[in-house]
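Undergrad: In case you want the letters, here they are:
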Amino acid sequence: MNKTIPELVERFVKGDNAAFTELVGRFQKKIYTLAYHLLGNHLDADEVVQETFVRVYNKREDLKDVSYFSTFLVRVATNYAIDLLRKQKGHRGIAQDTASLPGEIQLDLSQRVATPSQTFEQKRLMDEINRALEFLPPKQRLTAILHDVEGYSKPEIAEIFNCPQATVRSNLHIARMKLRKILRQRLRLKEQK
Amino acid sequence: MICQRALSLLDDFLDNELPPADAAQVKAHLDGCPACRQAYDESRRLKELLKQKGTHDPGRDYWLETSQLILAKTVQLGGPSLAAVEAVSDHRGAFVQALVSLAASLVILVSAVIVGMNQSHAPDAGVSGGPLLLSSSVGRQLNATKVIITEIERQRLAKGMLLMGPPGLLGHVGGLTQLRIVTTPELQ
Numbered sequence: 001m002n003k004t005i006p007e008l009v010e011r012f013v014k015g016d017n018a019a020f021t022e023l024v025g026r027f028q029k030k031i032y033t034l035a036y037h038l039l040g041n042h043l044d045a046d047e048v049v050q051e052t053f054v055r056v057y058n059k060r061e062d063l064k065d066v067s068y069f070s071t072f073l074v075r076v077a078t079n080y081a082i083d084l085l086r087k088q089k090g091h092r093g094i095a096q097d098t099a100s101l102p103g104e105i106q107l108d109l110s111q112r113v114a115t116p117s118q119t120f121e122q123k124r125l126m127d128e129i130n131r132a133l134e135f136l137p138p139k140q141r142l143t144a145i146l147h148d149v150e151g152y153s154k155p156e157i158a159e160i161f162n163c164p165q166a167t168v169r170s171n172l173h174i175a176r177m178k179l180r181k182i183l184r185q186r187l188r189l190k191e192q193k
Numbered sequence: 001m002i003c004q005r006a007l008s009l010l011d012d013f014l015d016n017e018l019p020p021a022d023a024a025q026v027k028a029h030l031d032g033c034p035a036c037r038q039a040y041d042e043s044r045r046l047k048e049l050l051k052q053k054g055t056h057d058p059g060r061d062y063w064l065e066t067s068q069l070i071l072a073k074t075v076q077l078g079g080p081s082l083a084a085v086e087a088v089s090d091h092r093g094a095f096v097q098a099l100v101s102l103a104a105s106l107v108i109l110v111s112a113v114i115v116g117m118n119q120s121h122a123p124d125a126g127v128s129g130g131p132l133l134l135s136s137s138v139g140r141q142l143n144a145t146k147v148i149i150t151e152i153e154r155q156r157l158a159k160g161m162l163l164m165g166p167p168g169l170l171g172h173v174g175g176l177t178q179l180r181i182v183t184t185p186e187l188q
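So the protein lines, in turn, are chains A and B.
Start counting the first sequence at 1; every next residue gets the next number (the working numbering).
Start counting the second sequence at 1; every next residue gets the next number (the working numbering).
Do not take every clue at face value.
Heads up, incomplete: computed chain A residues facing chain B, CB under 7 Å, no partners named [said to hold, decoys possible]:
(1) 24
(2) 33
(3) 36
(4) 50
(5) 57
(6) 179
Keep in mind the hints are simulated off the structure, nothing from the lab.
All C-beta atoms, glycine included, are put in the ideal place defined by N, C-alpha and C.
Okay, chain A solo, but in the shape it has when bound (with noise of 0.2 Å):
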């Protein structure tokens, strides 16, 4: 029968390393996705996942006090993460390396039924969201990802970033005002078709 969380996390305090195996099966993906969307580029994700997993090892006795793995998991992705984007600001921006990855598939719900032309064209706008996200703060960056992508609630965001909320709710306000800013004519030509 399967493990709940709780019980893994249980477990591999007290020492158990299969269990620990069992949660890196499953939140590995939930990790690289999340990393994916931050950083935008498979081998900064990729780096996120693995280190966070290592990270989290060395810190298990620390999940002694944790109410919800998942939201350790996802703050000490976060935190490296910001940690990547800080180091990379000024070197390079988010990188579009899908064509490097032999093999890979862009899942986009919205081009599932879409024309050739209706692809390139949300392909475009994509690309041109990723740019603008570029140009958050990673803070701001992070914040909206994790609500606006991920679909995380502000009290679970605050969680994360260790934050009150009214911070949660600021970033998140100036980051829309922002990508709003950056995109505003997109947007309305948008609203137009």
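Dock chain B against chain A, hints included.
TA: Okay, now just chain B, sitting in the frame of chain A:
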């Protein structure tokens, strides 16, 4: 309701987080104010687009290999022992069987690589310092003097994140400094 107040509540209205009375007031304002309505429409459209933001599925092999890499790294930290890995093999079938053999090889491999790194030369890929982990898919392409790897693997190798498995490799680890790294975009 004035525009400033309506705009300050726009995010919460958009996220359906306003009390019903406030939401009704904002809605009434938007119905009568084209400028605020436009701001709302843009925000709504932006939120819809962000929700559609695509992601990547790097494929089943990637998840398996990444699990192996994480476990290999924690083995170095005193993590999952071979016994622990074997304990879950009943549930994971062929993959974990492969992982067990890989982990076993890895212990030997890491030792051998550390010995190799004590030599003064660095491999052609420019990797130096820290343990080098090599990939099983790459291992199959190995011959005495040449390793053929994909571009992705090359970049992971440069980051010290590549895992190379046992087939044919162990005999060559001692001569790692003489290996030539050849990158191919297609090989996976």
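Undergrad: Does the nearest C-beta of chain B fall within a distance shorter than 7 Å of the C-beta of residue 33/A?
TA: Holds. Min distance 5 Å.
Undergrad: Was the hint right that residue 24/A lines chain B, CB cutoff 7 Å?
TA: 5 Å, holds
Undergrad: When the nearest CB of chain B is found for residue 57/A, is that gap smaller than 7 Å?
TA: 5 Å, holds
Undergrad: Is the hint on residue 36/A kept, meaning its closest Cβ partner in chain B is under 7 Å away?
TA: 5 Å, holds
Undergrad: So, residue 179/A near chain B? Judge it on the closest CB pair being under 7 Å.
TA: 6 Å, holds
Undergrad: Does residue 50/A hold up as a contact with chain B if the rule is Cβ-Cβ below 7 Å?
TA: 6 Å, holds
Against the hints set out earlier in the document, no violation occurs for any number.
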